[in-house]
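K.L.:
Residue numbers (my numbering), protein chains in the order written: chain A, 1 to 848; chain B, 1001 to 1231; chain C, 2001 to 2306.
Take the hints with a grain of salt, since some may be wrong.
Unchecked claim - Lysine-lysine pairs mimicking DSS-like chemistry, simulated, CA-CA at most 27 angstroms apart:
#, chain 1, residue 1, chain 2, residue 2
1, A, 233, B, 1178
2, A, 44, B, 1138
3, B, 1068, A, 62
4, B, 1068, C, 2109
5, A, 764, C, 2236
6, B, 1089, C, 2066
7, B, 1138, A, 62
8, A, 62, B, 1178
Rather than coming from a laboratory, the hints here were simulated on the basis of the structure.
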Amino acid sequence: MAITRREFIKYSTISGIGIIGMLNGLPLLGALKESTNGTSSVAKWMTTVCQGCTTWCPVQVKMIDGRAVKVRGSEYAKANHGKCCVRAHMGIQQLYDPDRLKVPMMRTNPKKGRNEDPGFVPITWEKAIDIITDKMMELRKNEETHKFVLFRGRYTYMRDIIYEVMPKVFGSPNGISHSAICAEAEKFGSFFTEGYWGYRDYDLDKTRYVLCWGADPIASNRQVPHATSIWGKVQRQAKIAVIDPRLSTTAAKANEWLPVIPGEDGALAVAMAHTILVEGLWSKLFVGDFKEGENLFKKGKIVPEESFVENYTYGLVKWWNLELKDKTPEWAEKKSGIPAEQIRRVAIGFADAAPRVISWVSPGTAMQVRGGYSALAAHALNGLVGSVDNVGGTVRGSKIPVNKVPKYKEYYDDIAKAGTKHKKMDQRGYLKFPSLKKGKPGSGVVTNNAADAILNEDPYEIKMAIGYWNNFPFSCSGAERWEKALSKLPFFAHITTHASEMSHFADIVLPAAHSMFEKYGFIKSKQNLIAYVALNKRIIEPLWDVKMDETEIPWEIAAKLKEKGFPNLMDFFQAKFKDPETGKVPQNGLEFSLFALKYYTQPIWDKNHEKYGKYGDAPDGWDDFYEKGVWNSKKYKYRQNWGNFGTATKKFEFYSETLKKSLGKHADKHGVSIDTVLEKCDYVARGEVAFVPHYEPAFRRGDPREYPFIFFEHRSRLNREGRSANLTWYQAHKDSDPGDENWDDVAKINPIDAKKIGINNGDKIKLISPVGELQCNAKLWEGVRPGTIAKCFGQGHWAYGRIAAKDFKNRVPRGGNNNVILPAEYDRLSGSTARHGGVTRVKIEKIV
Amino acid sequence: MANYGMIIDLKNCVGCAGCDIACKTENNLDHDVHWSFHITETTGVFPNVGYRYIPKLCNHCENASCVKVCPTQAMYKDENGLTLHDPDKCIGCRSCELACPYNCISFNEDVQHQHQWQMDTEPLLEGITSSGKEIAEKFDNVPFPNYNPDRAKTYDGVRRKGIVEKCTLCDHRILDGKDPWCVVSCPADARIFGDFDDPKSEVSILLAENSAFQLLKSKGTKPKVYYINEF
Amino acid sequence: MDFINIGAWDIRITLDLFFGGIGVGAFLLSVLLSLYNRESLQSTIKIGAYTAPVSVGIGLLLLVSKIGVPAKFITTLWNVNLQSVMSIGVFLQIGFMVITIWYAVLIWKEFPVNNQFRLLQTAGTFFAFSTGLYHGLFLSSLGRVLWTELTPGMFIASSIAAGIAFVLLLKTLIDLVTKDEVRTDLIQSTLPLGLHRFQVMFFIILLVQLVSVILWQFYTGRLELEQALIYDYFMKQYGTIWTSLVLVGGIIIPIIITLVSLVKHEKNMAPIPTIIICVLILVGSFVMKHLLIIGGQIALPVGFVF
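So that you can see chain A by itself, here it is in the shape it has in the complex:
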């Protein structure tokens, strides 16, 4: 009798522990092999999560005889309602990529560097974990556990175990996430206006105007499947304006394309605010009105603060007087390169359609040096027209009831207590890194600066690191610093699916289970006004000896540490992650993974839990939840934060008392003035204007005389983050990114510029910035502004497999990695890496 894997899992989970043996042992594989003989193949759609981008969609995979065959959006998910984007399909190629690691490997060449062959040899898990824990025990012996770092990359919410508990119970404060190379500056915009440190959701279904700030929702970041599915409707019912120096697909389909000079987005935002005020188009309901009724917002004129009464907002007149009064569209035209007439038209169109409008802030506008203020200004438009938290506007996520990580401090020993007291290693909170996450100085990660911290041994030397699902020498700007930093690092263990650029500097590399097919985990996300929890599952028997990064590997480490005399971590795991249904103590990594998953999601599926069914779906116990793989919240309620925004004033702040307080705290901590902080952090604002959304000129590296072109990058709709270049499907469909070419990595150059410098289509060229150079091919394309060069992120891997690298053995990349020419610059107030906004200039050389 052919028994399906699905039935196996179900049967096993009901019986509690059976699953572990089944998944671990060969019998299952044998059973599957049998069932593939003959015609009786067994097909079943199984639910899991695609983590190809930050949307994190519940998807279903068609499993036939244990093989993943095809993918669709999950029918159970209300957020992406059965849709998935192109990335999810590509997951299959990633799963079966022959260049994945089969087994752990160990470096044999002690010298580290890009041009050193690491001399990797296969080793057993036993030996790999033994070596890692030896290093950890050595740190404990020398009471320097704080010199241990855990670098997090793509994660699920099982992350607490490896990223928070493991380092801390071991004795290090250093869980360092990738967040600051993602989109933290975006959150800065919503936090210091409406007190919300998080990504917004967008009510596309009811909107009448979408103003995209670098956003390309039908291709990337974020909620791609929902946006894609509804964009036809949006185009029919709403106007769309896209601010993007590149003609993205969204821009191509929009009513208005505003090809801003990179980094000058803020000028557009304040000019639009100026226009809305001068035209009297602000929301009288949300913002308030002049006492006398007459609009006193007149170009260049100071307005008496007392003349205006605000409702749900704070500091409108201050904003006008400090910043907006002179910021006319004509002024902005000179800064941004966008005609005043168009700025005015868009601003008025946007305000006329309000409140059902969206000012959609994306990393393109935010992740710039000084980009926090651009995000602030662009998001403030939502406040100005009353679309924030409103019908057809920008909203937050509904509540998601999941458990927090169990209390673990009681498992600290003296070494851990001492170790965790050290500052985190990334220099957050330094004068130059206010990193005001949720308004708290020094609380946000400064991911990219960790390289300099290692190199300079400031605040202290780092002796050991473990990284998982990250690839900083590829994904961080100023990539070369990471190569140096990792070369200097005495011991590095990397958990990854592929031998990557980061692995190249590792001492031990551990093969990671794939997040979509091979791993237990859960994610929280939102689209379509639905917040959701979805389960990453091991839906296939892995082909190789891989382990789950966030649970199995910490388990193995904890077990080994216990063997070596440090039992605390294992004690914590076994005490706190018992099976919530049976109370069974986990005995191995897989049980631990599953029990932890059940623990975290217990409020969702456990009928006896006080939060069960309160905020959304009420699945019929664990098995039902596991089967469906997704929990949907209730639909978001509009205006729930009006009058109670999380700011210092509880209002939507145009003059941010919240920011003033945060900056003040940071300045006080260092005994300097706020102006000094701003100066050290590369902002030009001084005085009061620093507390309102305002224009900051674009920051660029490189002398225009030597480097004539502004370089900017963008995302690919095919990027599974930086990981899909090794897939043939990626290369063969690359032209679905407008202007790009299949099987190529091109720099898009306006034909006018190309003619000037004698470059033809397809020419091999070098892009040279003050910090590095890369090689790629030239593409003459009208979709970029003269004077700027656009290039997609994702290619230029020199160590990510046979297709991603042109010559893996000799470390020759296919195309060029933008992060080699992008300098490590920051939006320091948010700690974000400033990869956008034309942060560097480049010159072009033709390779003959």
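With chain A fixed as given, assemble chains B and C onto it according to the hints.
P.N.:
Relative to chain A, chains B and C alone:
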């Protein structure tokens, strides 16, 4: 008896290539064989630039030139108006490939997937990473891991060497009353499949209500993939 | 704009059409000469008769080798598609092949003069013309922009010229080697228009070719946008070779030489100009067919023209 075809709503289409890749998973296509593909076009001069993306697949023409030129009746129209291909009859003369004005027919110099899965034996890192062959050998009775056996119901599961192949509009799914996989997979609902002979079908209604265009209508092939609206 | 070359067919298709064409021309020559003076022209008639099946056979073999599944070529005999020029062409080619073999055998054995032989010649002539026309019709039936209604004319003229040139070249070379008197003509004009004379044959057939090539060039470049673009691209890529080897070398120079010979009322053409003329015609025919095969597969990025 039906007259199947498709309507593609370009306004809904976001140009994501999802159909192309989904098609590859359904029909076991090698990465460089495109039953479903696209045309992209950038027009104008900065800043007045237009870009459009037009999904392209076999048009299942009523007056199919590939059927006309085929010397062996390997290309044929079935009773439901699909343009299908019989691999047993095909001799691989490639006339159809040249006759198709849409460049929608491809030829297999080799058995598909051979290069990626059977002929690739070299791992990048010996003993650490794998090869296509090693992976393929882990699965019995299938030529590559994500092989979809459904395809083999009406066509070669993986097309053999020396013959052409093309989109069948997922005739194997139509048999089961399902839409073609590109239609199901389109996240923008840009593709609508149906029977043009049925006046009540969605495609017939859409065709009646919209001004539609076909690719290369002038060729007289009477394509049955219609496009409505602007990208 | 990035042009595509579909690249379905390579030189083997050219060679099929080239050798097939020689076969057509050689057979027709053989029949024509046999109408005149079979005694004195026997060796030329024989060369033509033997060349035809060999040449057509080589062409056919190359064609079979080019298709994806050569072993299945035979199935074209029963999987017939009457709409397909190729399907019909298979019968024409095979029919022609059979007749040429039969004809060659008869000539080799006894060279009979009877009704059966005449019938064979008549049928063979029909099949020769059909095959010659088929080559071009086959291409034009595929509807590619460079393969127009003029292609059959270009091809059949080129084939007949090449067939005659091939036989004449062989005959001249054999005569030179065997030190026989080189004879390329006969004294009396007993066929209308002096059609048995090579100068006349070449002149007429090359004139037909010239007209069809010029018409092709004229019209192809001036029709719809798609054709015009592809034609321009074709000429940009291959224009120099086309003009020098096909038009000037393969047609115009041979016409001039034959014309000069005719004007001078030469009865015989000297061996050297004969060889030159034949080689030029053969090269021209091959290059024309090859460029059209390769160039005909050029396509615009699909969808450029709606």
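K.L.:
Run every hint past the structure and note whether it holds.
P.N.:
We went through each hint and held it up to the structure:
Restraint check: the Cα-Cα separation between residue 233 (chain A) and residue 1178 (chain B) comes to about 25 angstroms, which is no more than 27 angstroms; the hinted pair holds. Distance restraint check for residue 44 (chain A) and residue 1138 (chain B): the Cα-Cα separation of roughly 20 angstroms lies within the 27 angstroms cut-off, and the hinted pair is therefore satisfied. Taking the CA atoms of residue 1068 (chain B) and residue 62 (chain A), the gap is about 38 angstroms. The hint is violated against a cut of 27 angstroms. Between residue 1068 (chain B) and residue 2109 (chain C) the alpha-carbon distance is near 43 angstroms, which puts this suggested pair outside the 27 angstroms criterion.
At roughly 24 angstroms between alpha-carbon atoms, residue 764 (chain A) and residue 2236 (chain C) fall within 27 angstroms of each other, so this suggested pair holds. Taking the CA atoms of residue 1089 (chain B) and residue 2066 (chain C), the gap is near 17 angstroms; set against the 27 angstroms cutoff, the hint holds. Between residue 1138 (chain B) and residue 62 (chain A) the alpha-carbon distance is near 19 angstroms, which keeps this suggested pair within the 27 angstroms criterion. Proximity of residue 62 (chain A) to residue 1178 (chain B) is assessed by CA-CA distance (about 16 angstroms); at most 27 angstroms being required, the pair is judged to hold.
Comparing the model with each numbered hint stated earlier shows that hints 3, 4 do not hold.
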